[in-house]
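Q: One letter stands for each residue in the lines below.
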Amino acid sequence: MEMEQTYTQPNESGHYGDFGGRYVPETLMGAIKELEAEYKAAQHDEVFQKELNHYLKDYVGRESPLYFAEELTAKAGGAKIYLKREDLNHTGAHKINNTIGQALLTRKMGKKKVVAETGAGQHGVATATVCALLKLECVIFMGKEDVKRQELNVFRMELLGARVVSVDQGRGTLKDAVNEALRYWVANVEDTHYILGSVMGPHPFPQIVRDFQSIIGRETKEQVLDKEGRLPDAVVACIGGGSNAIGMFHPFIDDLDVRLIGVEASGHGIESGQHAASLNEGHVGILHGSKMHLLQDEAGQVQEAYSISAGLDYPGIGPEHSHLKSLGRAEYAHATDEEALEAFKMLSHTEGIIPALESAHAVSHAMKVAAEMTSDEILVICLSGRGDKDVAQVKAREEGREL
Amino acid sequence: MSRMKMEQTFESLGNEGKKAFIAYIMAGDGGLENLKHQMLSLEAAGASVIELGIPFSDPVADGPVIQAAGQRALAEGVTLRGILEELARIKDDISIPVVLMTYANPVLRLGADTFAEMSDEAGVSGVIMPDVPLEESGEFEVPLRRYDITMIRFITLSSSEERIKEVMEGAEGFIYAVTVRGTTGARAGFDASLYDHLESISKMTDVPVCAGFGIGSREQAEAVGSHCDGVIVGSRIVELMHENNIEEIEALIPENADIAINASN
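Chains A and B are the protein sequences, given in the same order. Note that the first sequence covers residues 1 to 403 in the numbering used here. Note that the second sequence covers residues 1 to 265 in the numbering used here.
No lab work stands behind these hints: they were computed from the structure. Incorrect hints may have been included.
[Unchecked claim] DSBU-like, lysine-lysine: derived pairs with alpha carbons at most 30 Å apart:
id, chain 1, residue 1, chain 2, residue 2
1, B, 165, A, 33
2, B, 5, B, 91
3, A, 113, A, 33
4, B, 165, A, 108
5, B, 203, A, 33
6, A, 40, B, 165
[To be verified] Covered stretches of chain A (in silico footprint by chain B; criterion: 3 or more residues with CB under 8 Å from a CB of chain B, positions within the stretch not fixed):
id, segment
7, 38–47
8, 183–196
9, 258–272
10, 280–289
[Unchecked claim] Here are some of the chain A residues that sit facing chain B, going by a computed Cβ distance under 10 Å:
id, residue
11, 29
12, 33
13, 371
14, 372
15, 374
Computed from a prediction, not measured in an experiment: that's the story for all the values here. In this text, a Cβ means the ideal position worked out from N, Cα and C, and glycines have one as well.
Based on the sequences and whatever the hints tell you, model everything.
A: Rendered as structure tokens:
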């Protein structure tokens, strides 16, 4: 289905240029090599692909629409703006594109148990969902702070049959949840698969997650060709770990006339030091199995990331984004909490679509980019998730309460 | 020269029919100013090698005890550079070999070349990097080799025979055999297959095989040690060092590291 690309990263050893790799304890090497082999086989396995497509269509609800946002276009006063509606997927975000694929891989490998990490709970819910569907035993690690902030998502995961483990270590956020999920995987690797939630971690995870998420960009390409008879001039997506962005970017990497724009979370502002802008402000580092841009201090200790949006506050970044940045193929901008909140409300008023706070970062920056483009140019925003999960938080903030 | 120091240690232990006892502590847990005293205590207690942990914010291979020790050290403001500088100052007082155990990121941030140079000045014999498998080791190993510092490799219970051979090819210093599936920290008991596993890998190489992760008592040290060339004890020593309980550490070490061959058979 996908055309041959001249861009062929990662290489055989799982590197994207100078980034990526497999920085894991020796105990996991066997498992990640097995996963690599199984995944290669699955890519050419017709039964697997047929099953995956079946679930994507009838369970997830793909393809997701590419919607011409006429009101938004008028408001920006520049390029024609389209929204790729990943928010309309089952469970409300792009996360399930990956979890359904990896759950099917788990079954193919003959494993019956799954471990995953979650920050805000979106990946946890998407994982618990497919585990319920495919009858896999599921344990989710979630930072203590996030458990408090995202009570409803904890209930959702439990409703779906998952066991949620609250992580006390560190500051009790996503980074710590990944640490604990990795430790759990080391101890249970014989019968357990780790469903990583973003294009991060050791090879082959960044590739597997990218490939499952690339359906976003592939559909977008077909849809925009169908509606406009040509490719867009720019695609814009928000970036935490970077899975929806790479899913949108990857099919366009060879199309050099298409600008690829990622939007990181700059929280209280870059200068405040409280942000999650790894690509803009980080240094090359190694964490959770991969070499990438990483927020860290002078001594190489990893720093906490901050964003109003719990799905973006990760101190690292998918290694392929680090590579695309070093190539100059993709641009990486950022948007603050305030800008994201403004876009959250603006899109709700303008188009009747409440975006996830994560996606609102992309919307905010895309409006600036679109305004500088001409009316015969086309810009696509990846609307990675819906905002229902965020309304309580935004309401509390409006009322001057912290949640 | 640094690697030779460790080789000589293993050689003389071997000649005397003794097993190596490698004692792990977290550098800076209790303040860097106490490092010299802590290392001398371990040496006096009968340790044959000191494994010095470098604190890291995200130690994925470690269990709760070493995680907590790392947090205490970081709270003291300890850095990799500071530890290496302190080691360089005290190295002449320590006669047993020192190996560093560090995650990759602090080394990458310092620079692999600077790290190798400073490790040499600090008298370090070897480096253990739990998140750097063979596939990614070149970047760190090449500069270390220039100073004759060994990068210690791991073999685990899940390593296939093919993998074990791959790891052994070119291994130096000692091989770190991980005794459990999981993170560091004392365990009540071991997998039934452990002793066979240790014996079969020992037969495959001339490099000493030392077993670690999960060993927390003298009985375990003796039992495991009788199936390989030495044992590594971490979490239990870290706990005792935190309590400043040197006598108990001494009691952990099989008499002067003198585990008679086949003692527990």
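Q: A separate judgement is required for each hint: does it hold in the structure or not?
A: Hints versus structure:
Using a Cα cut-off of 30 Å, the hinted pair residue 165 of chain B and residue 33 of chain A holds, with the two alpha carbons roughly 16 Å apart. Between residue 5 of chain B and residue 91 of chain B, the direct Cα distance comes to roughly 13 Å. Compliance with the 30 Å bound is thereby established for this hinted pair. This hinted pair checks out: residue 113 of chain A and residue 33 of chain A have alpha carbons roughly 18 Å apart, not beyond 30 Å. Between residue 165 of chain B and residue 108 of chain A, the direct Cα distance comes to roughly 29 Å. Compliance with the 30 Å bound is thereby established for this hinted pair.
Of the pairs offered as hints, the one joining residue 203 of chain B and residue 33 of chain A holds, with about 26 Å between alpha carbons and a cut-off of 30 Å not exceeded. A C-alpha spacing of about 25 Å is found between residue 40 of chain A and residue 165 of chain B, which places the hinted pair at or below 30 Å, so the restraint holds. For the segment 38–47 of chain A, the proposed coverage by chain B is not satisfied: 0 residues have a C-beta within less than 8 Å of a C-beta in that chain, short of the threshold of three. Given as covered by chain B, the segment 183–196 of chain A passes the check, having 6 residues with a CB less than 8 Å from a CB of that chain where 3 are the minimum.
Counting residues of the segment 258–272 of chain A whose CB lies closer than 8 Å to any CB of chain B gives 0, so the stated coverage by that chain is violated, three being the minimum. With 7 residues having a beta carbon nearer than 8 Å to a beta carbon of chain B, the segment 280–289 of chain A meets the requirement of three or more and the stated coverage holds. A least Cβ separation of about 5 Å between residue 29 of chain A and chain B falls short of the 10 Å threshold, and the interface hint therefore holds. With 10 Å as the threshold, the beta carbon of residue 33 of chain A comes within range of chain B, its nearest partner Cβ sitting at about 9 Å, so the hint holds.
Here the hint on residue 371 of chain A is broken, as its CB sits about 39 Å from the closest CB of chain B, past 10 Å. Interface restraint check for residue 372 of chain A: the shortest CB-CB distance to chain B comes to about 37 Å, outside 10 Å, so the restraint is violated. Because the beta carbon of residue 374 of chain A sits about 44 Å from the nearest beta carbon in chain B, more than 10 Å, this interface hint is broken.
Checked against the numbered hints given earlier, this structure breaks hints 7, 9, 13, 14 and 15; the rest are met.
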